Amino acid sequence: MYKTFRALQDRWREIGAVPRSKYNDTWRNYHHHVERFYDLLHLSNDFRDLDFKHNLEEKLKLIERAETLATYENVNDAFKELQQLHKAWKEDVGPVSKEQREEVWQKFSDASKKVHDRRHEYFRSLKSQFKVIIEKKLEVIAKIDAYDTSNNTKHSDWQKSIKEIEALRQAYFNVGKLPYAKSEEVWQKFKAATKKFNHAKNTFYKEEKRIQQENLDKKNALIELAESIKDSEDWETTTNTMKKIQADWKKIGHVPRKFSDDIWKRFKAACNHYFDRYHNRQDDLNKEQQAFVEDKKALLDKVKAVDKATLEEIEAFIAEWKELGQTPRSARHLESKFYKQVDKLLEGLSMSKEEIAMLKFKNLVDGYLAQNNTHKLDSEQMFVRKKIDEVNKEIQQLENNLSFFSNAKDDNPLVVKVQDDINEHKKNVKIWKKKLKYLRTSFDKPIIAVGNLSVGGTGKTPQIEYLIRLLKANYALAVLSRGYGRKTKGFVLADATKTAQEIGDEPLQFYKKFSAITVAVDENRVHGIAQLKEAEVILLDDAFQHRKVKAGFYVLLTKFDELFSNDFVLPVGNLRERRVGVKRADVVVVTKCPDDLDVLQINATEQLLRRYFNGPIFFSIIKYADVLMSNGENQIAISELNKYEVLLVTGIANPNQLLQYLDTLHCKYTHQSYPDHHQFTASDIAKINKQFSELTSEKKMILTTEKDFVRLSKKIETLFYLPIETTFINRKNEFDLLITDYVKSAL
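Under my numbering, think of the first position of the sequence shown as 147, with each following residue one higher.
Hints were generated in silico from the structure; no laboratory data involved. Any given hint could turn out to be false.
Under the rule of at most 25 Å between Cα atoms (straight-line distance), these lysine to any residue pairs were calculated in the SDA-like manner [what the hints assert, rightly or not]:
| id | residue 1 | residue 2 |
| --- | --- | --- |
| 1 | 539 | 773 |
| 2 | 580 | 639 |
| 3 | 335 | 288 |
| 4 | 789 | 764 |
For each label pair, taking beta carbons as the anchor points, the in silico distance ranges come out as [said to hold, decoys possible]:
| id | residue 1 | residue 2 | range |
| --- | --- | --- | --- |
| 5 | 864 | 430 | 46 to 52 Å |
| 6 | 673 | 817 | 36 to 42 Å |
| 7 | 829 | 799 | 18 to 24 Å |
| 8 | 712 | 529 | 25 to 31 Å |
| 9 | 864 | 469 | 38 to 44 Å |
| 10 | 618 | 891 | 35 to 41 Å |
Please read these numbers as outputs of a predicted model, since none were measured by experiment. Built from N, CA and C at the ideal position, the CB exists for glycine as well.
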C-alpha cells in the first residue's frame, strides 16, 4: 500500500502545473489527503516515526536555506529561490508528526517573511528611485521639447544643435532604466520631443538639398556662359561679363558635395582660358604701343623746336600724333607734354581768347580720349555742367536785380552795369555749352545712346524699340550695336540673309521688326558710325560706357527693384562703373516697374536717385502683348494661355518679371533657363524637345521670349513668343519732347 501511495505522489509531481488561481485549493486538498493517509495508515509506529523523522530533517534543511536567503544581496534571486523552497516544502517533502507540524511551519513561515519583507522594502526603495528617475527624464524631455531651432539658418548651426540634442539624449539614457509599465509613457514623451527636433532638422536639410540643387543649376548656367564667351574678342564687354560671372559665382551658395570639385574645375578652366588670352593680348598691345613711343618722343621734340606755327600746321601736328596710335600707360606723360606744347603754339595765333581757349579745351579732351582716361572725361563733363548751372543762376539773379530798376532809364549807370554783366554771363554760357557739346559729340549728326550702369537686364532692347517707333517716321534712322555673342568681327550690315550668329540676337530682332530702318553691328562704334553715312539719326545700343563715342543724348536705364543707387561696382556688386557715372546721362528711366506703381513709390524712388542725379527721371513698365505669336500661322490670345501646359525656354539676363507675369495668368509652366545670349546647340534643342514630349496635357506649347525667338525660330518646329513693349507711366510726352527737341537741334 505504501508503494502505491508513493507511486501516486510521483504521478502528482509529473502531471505538471495547474492554473495559478486553482493552485492553492488543489494543493490543500492534496495535502489534506496525504496527512489523512499517514494518520490512517496502519503501519507500525517505528516505520511511521522513521518517515516523520526523515521529513522533519528535510524540512529543517529547507528552513535553514530559507533563513540564509534573508541575507542574500540580490533580493530578486532570494525571492525566486524561496519560491522553489516552498514548492519543495509542499510537493517533495512529506508531513511531520502532529506535535511538530505547527512549530516547523512557523519557522519556515518566519524565514519566508524575512525574505518577503526585504523584497517589499526593496520595491519601496525602487519606487522612490523610479520617481526620481522619471522626474530627471522629464526634465531632459522638457529641454529637448523647448529646444529652439528658429535661428538655425546654416549647416554649422544645425551641426551644433545636433550635438547638443545628442548630449541631451545621452543624459536621458544615463539617468537610469524604468520598468516597462512606468517607462512607456515617459518613452513616448521622449520620442515625441526628439521627433519634433528631427522634423525641423529634416525640413532644413530637405530645403538645403533643394537649394543646393538650385545652386548647382545656377553655377552650371554660369559655366555654360563662361565657356560660350571664353574665346570672345569683344574684350571690353566680355571682361565685364566675366567679372560679373565670377562675382555671381561667389554669391551662389553650396552645391552637392559630389559635384563641387568638378564644376569648380570647369569654371576655373573657362575663366583662366579667357583671362590668359586677355593678358596675352594686353602684353601684345603694350609691345605694339611701346614701338610708337620713340616716334612720339621724336614728334614731341619736333614740336618743341617750333616757335611759331599756323593753325593748319598745328592741326597737322595733332593729326600726326593721333596717327601714331595709343600711348602706353607707362608713357602717358608724353600726352600731357605734347598738348601743353600745342597750347603754347595756339597762344601765338592771331585769334580771340575765346577761340584759343576752345582749341585748348579740345586738345585737353582729345588728350583724355587718347589716354582712355574716363575718370578725367567724367570729371570734366561734371565741371562744365556745374559751370553752366552756376552762370545761369547768376544770370537769373542779375535779371532779378534789374527788376528793381524798372522805373530807371536805360542809360542809368547802374542799369547799364547790370545789363553788361548779364550779357557777359550769357556769352560765357554759350562758351561753356560749346565745350559741353564737344565733350558730348564729335559727329555731325544726332546720336542717342541707351545704356546702364549695371550689367544686363534693365530693358535696353524694348527702350531702343520705343525710340525707333518715336523717330522712324520722320528721320532716316539707324541702330548700331556691338552685336554681343556674334561669331563675326568688324562692321556688318543687317539684311534678310543674316543670322543671330552673324549680327547678334538683338540687332536681328530690330531688323526683323523694323525693316525700314538701318541696323548694323560693329565692336568699334566710331568706325561703325562712320559707315552709316546715310543715317540722319543713330541709336547706340548699350553704349553708356563707350567713351570714344561722345553721344549727344544719353538715356540711362535702371531697374526698379535693382536701382544703381543701391548697388556697388563689380565684383562686389553689379555696377560696371561708379554711381557718379550717372551724371553723364541726360535722362534716367526707371524700368520694369510694377503695373500698380503709385505716386508715393515714385516719389520714394526719385529721392533715392536724387543723391546722384538732378535731371529728369521717368518711370516705365513692360507691357505684354494680347496675342502670342509663332513661327507658323498660329496665334493664341493671351487670355487662353492658362488652358495650355507650357514649356518656357529663356536665355535672357533676368526672366523673373516674365515668370511673375505668367503666374498672374495662372499659367501652368515648366521653366528651362539658359544664360543671356545663349547660343542653342543641337543637344540643347534635343533636351527641349524631350522635355516638351514629356508634358502630359493635350494642349501644350513651347513659349519663349521675343529675343530668344530670333535664335530658336528655325530650330524648333512650333514655337510661340510673347511680344513686349516699353510703356511710360508718367510724363511720356515730356520724354518724347526731350528726344525730338535734341534731334532737331543737332541736325
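Item to check | Which numbered hints fail | outcome: Checked against the structure, the hints that fail are numbers 1, 2, 4, 9 and 10, while the rest are satisfied.
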